[in-house]
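> What follows is each chain in one-letter form.
4 protein chains.
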Amino acid sequence: MSDSIKVTVWNEYLHEKKDEEVARVYPKGIHNAIAEYLNTQPGIQAKTATLDMPEHGLTDDVLNDTDVLMWWGHIAHDQVSDEVVDKVYSRIMDGMGLIVLHSAHFSKIFKKLMGSTCNLKWREAGEKERLWVVEPGHPIAEGLPEYIEIPHTEMYGERFDIPQPDTLVFISWFAGGEVFRSGCCYNRGNGKIFYFRPGHETFPIYYQPEVQKVLSNAVRWAAPADGPKPNFGNVKPLESI
Amino acid sequence: MSDSIKVTVWNEYLHEKKDEEVARVYPKGIHNAIAEYLNTQPGIQAKTATLDMPEHGLTDDVLNDTDVLMWWGHIAHDQVSDEVVDKVYSRIMDGMGLIVLHSAHFSKIFKKLMGSTCNLKWREAGEKERLWVVEPGHPIAEGLPEYIEIPHTEMYGERFDIPQPDTLVFISWFAGGEVFRSGCCYNRGNGKIFYFRPGHETFPIYYQPEVQKVLSNAVRWAAPADGPKPNFGNVKPLESI
Amino acid sequence: MSDSIKVTVWNEYLHEKKDEEVARVYPKGIHNAIAEYLNTQPGIQAKTATLDMPEHGLTDDVLNDTDVLMWWGHIAHDQVSDEVVDKVYSRIMDGMGLIVLHSAHFSKIFKKLMGSTCNLKWREAGEKERLWVVEPGHPIAEGLPEYIEIPHTEMYGERFDIPQPDTLVFISWFAGGEVFRSGCCYNRGNGKIFYFRPGHETFPIYYQPEVQKVLSNAVRWAAPADGPKPNFGNVKPLESI
Amino acid sequence: MSDSIKVTVWNEYLHEKKDEEVARVYPKGIHNAIAEYLNTQPGIQAKTATLDMPEHGLTDDVLNDTDVLMWWGHIAHDQVSDEVVDKVYSRIMDGMGLIVLHSAHFSKIFKKLMGSTCNLKWREAGEKERLWVVEPGHPIAEGLPEYIEIPHTEMYGERFDIPQPDTLVFISWFAGGEVFRSGCCYNRGNGKIFYFRPGHETFPIYYQPEVQKVLSNAVRWAAPADGPKPNFGNVKPLESI
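Residue numbers (the working numbering), protein chains in the order written: chain A, 4 to 244; chain B, 4 to 244; chain C, 4 to 244; chain D, 4 to 244.
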């Protein structure tokens, strides 16, 4: 048990309370739908946290006990306090993994880590998406077919204004004519970050088995590696000069 | 003349006014030493701007007329206003190049673009540095020898907490036993960014011909490419769905 | 004139002589269609070479006088002699640029440079392709719109078994449901390599202005940078040990 | 046991039989020294193979039962048959990991995978090397200190003529004034490749605990990910066109 990867699934948790259609799809919220799936996977222990909790549920105790943070946000990015964002950022620099879902491309923490606008094209027409695996040897592609089809989804299209990923795992095709870099891996500080495009509040995408498989693969990939914690600042020479 | 690359060399310009030793090396400031060199190069037109000017000399008019911004800062990063940083950032997203010199690794604009702490090891012992070209086919290596020796310099050592460069051009060796990724290229937004380690306020490094050659090569590399300006936001499908 | 980039456009030149339909589209061969366009561009001088010439037209004199080699092949990759491939390879290691077109993904020289199978999916159905610019600040995207539409083309689909590009400039969308990494930049040795997907023997793709623009941009990007020629082998220490 | 990673440590095994000094350091050969260490590690099962065996010990049965192949060669690269190299290459394309040690930078298999000359500078003066971890969040850095010191070693210096690594984990400093990219990760086909510089036939480097730790970390990182096996060739459209 002590070797499990500890995941905190964070959700702004607003849509599900305000909108009946969303509540029908995710009655306990997107965070619980994902956490329940993750808790079926060996070696993963998932909890949840939401915007309305004190410190958005991301207290020092919670963050220090989190190996991988998963982030869903959409309409309330601005309500996340800068102080919490700074703490999350510091934990990532120290090695915590971060998995950024769908509309969280515009979250404060993702924009801060990317250093670019993270802007994109979008359209809500319920069209078809097909995610192609372009790096089949990557751990996040484990157990997947050559492509994942999502029958109805919101479209995100290029130009996606992000730094070129350290590794690009998925590229999406959309019926309406666009493409998108949908699975993007980054090292930042001692932490690993994975952006994953699929997901929506009114389509049941996080119940789709291939999508769930990507989420658990990503958790394992993003878990801290326990590498050296760098020393910074003024240092003495290691050789006589 | 209209095809020249327009460079603005920015300097916090404090050391040179406070410290006699610095003033002896750079009597008109580091910014003017660099700009004077750049103005000897065909196809480059350089001006300067400093912290003490209104809006730090980086007004909308100046930024809109700048193809490549070169940045030196050391002891006054915090005095640069966030508003100016945001304007510089927006211009880079739109395509302006940025060349970040030495201690400007800790400038607000570089940290904002990198999304990591940009921390490092350092030592002021006047030791020897040797920069090895590791990507000799890159335009920034044009006309250079296999390595550049800097007889006396401040040391910067790894771990340098930056995203892995899109292209790594130089790696430094230091007499005291450290190494450093000293020439780092990044695409961010429509802009190009080059971090270059050498330079110091009391060593005459920016007068060294190979170092100057790197600076003019970097200006040419970082000049805007005039690619498509992305459209973002809600879009209609290009195909019938 | 002496500062012009010297391009050699190589073509196996078989389809055009065997097949009336191809000959109607490219009466003087694909190589001449491309070379004629390139010769309208300032600072570029293009010649041609073909498989049936002695040494396939790629003698030492020709290669030593070539800054950028463009390569078209389709049905006769095996007829290219290993000796010529080795010479081309050596010139690339020394700095010559290489632009690999469409079906030349399976050329001996490209497979040798990539170190992977370069295999892919394909279909000849004359369907629509849309190339999206995903790195708009890259010099190869200069002057382009956000996407290029090719009304009728052969499809190439992922997984494209190549090393992750150093920079990925284009991603293609196909009507039949596939995506493809269509504009891929690599540094190898002192040389630069650009793989560009579009092109076909029976569709007039190399007459399309945006496609031509990519070709001339790629020539400028791939031109040798005149960096240091590395010394290899046994060396004396630069410091006393 | 069935979940163990199966490693084959390959050695040309010539130095150890010809040279008393080498035999004193590695009495059972470098391959056995490494395999014995690996077999002390949980979840790893290592066997060995050598040049003088039929098919160099790399029969179909052996290769099909190998998850990660480790390769040491120095003076007999040319004696490795092209047929065996082609089989190893095919297995890597299918997902087998490859760890390339020290002088195996010039092995046929590494050069074939890199597509460049893999040339470098070298010197046998028994000088000091210090490997700095530059990507501390990478799995291969797990459990390591900030740097590894090797008191006496052969020097390898830049320019190392390789493709820019997908991830660069280590940079070496040498007493004689050179630097080197000493830990280089690549994806090729479905396989993962790690080049690791340290090691020599007369210095006891593979008995050094930090070096051994890198080897077992690399085995875990390079183990096959069981991603999708791509389908190549002519395909039907997935959408009506």
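I should point out that these hints are in silico values taken from the structure, not numbers from a laboratory.
Honestly, I wouldn't trust all of these hints.
Identical chains share a label here; the pair holds if one copy fits it or two copies do between them.
Unchecked claim - Below, simulated DSSO-like cross-link-like pairs (lysine-lysine); rule was C-alpha separation at most 30 Å, straight line:
hint: 1; residue 1: K239; residue 2: K31
hint: 2; residue 1: K114; residue 2: K239
hint: 3; residue 1: K50; residue 2: K21
hint: 4; residue 1: K239; residue 2: K9
hint: 5; residue 1: K90; residue 2: K131
> For each hint, tell me whether it holds in the structure or not.
Against the structure, the hints come out as follows:
For a Cα distance limit of 30 Å, the shortest separation of K239 from K31 qualifies neither inside one copy, at 55 Å, nor across copies, at 33 Å. In the homo-oligomer, the alpha carbons of K114 and K239 lie at most 30 Å apart only across protomers (26 Å), although the nearest pairing inside one protomer, at 36 Å, exceeds that limit. With identical chains, the CA atoms of K50 and K21 are at most 30 Å apart within one copy only, with a shortest distance of 23 Å there and 55 Å across copies. In the homo-oligomer, the alpha carbons of K239 and K9 never lie at most 30 Å apart, since the shortest distance is 38 Å inside one protomer and 41 Å across protomers.
Proximity of K90 and K131 under a CA criterion of 30 Å is satisfied in neither setting, with 38 Å inside one chain copy and 39 Å between copies.
When the structure is compared with the earlier hints, violations turn up for hints 1, 4 and 5 and for no others.
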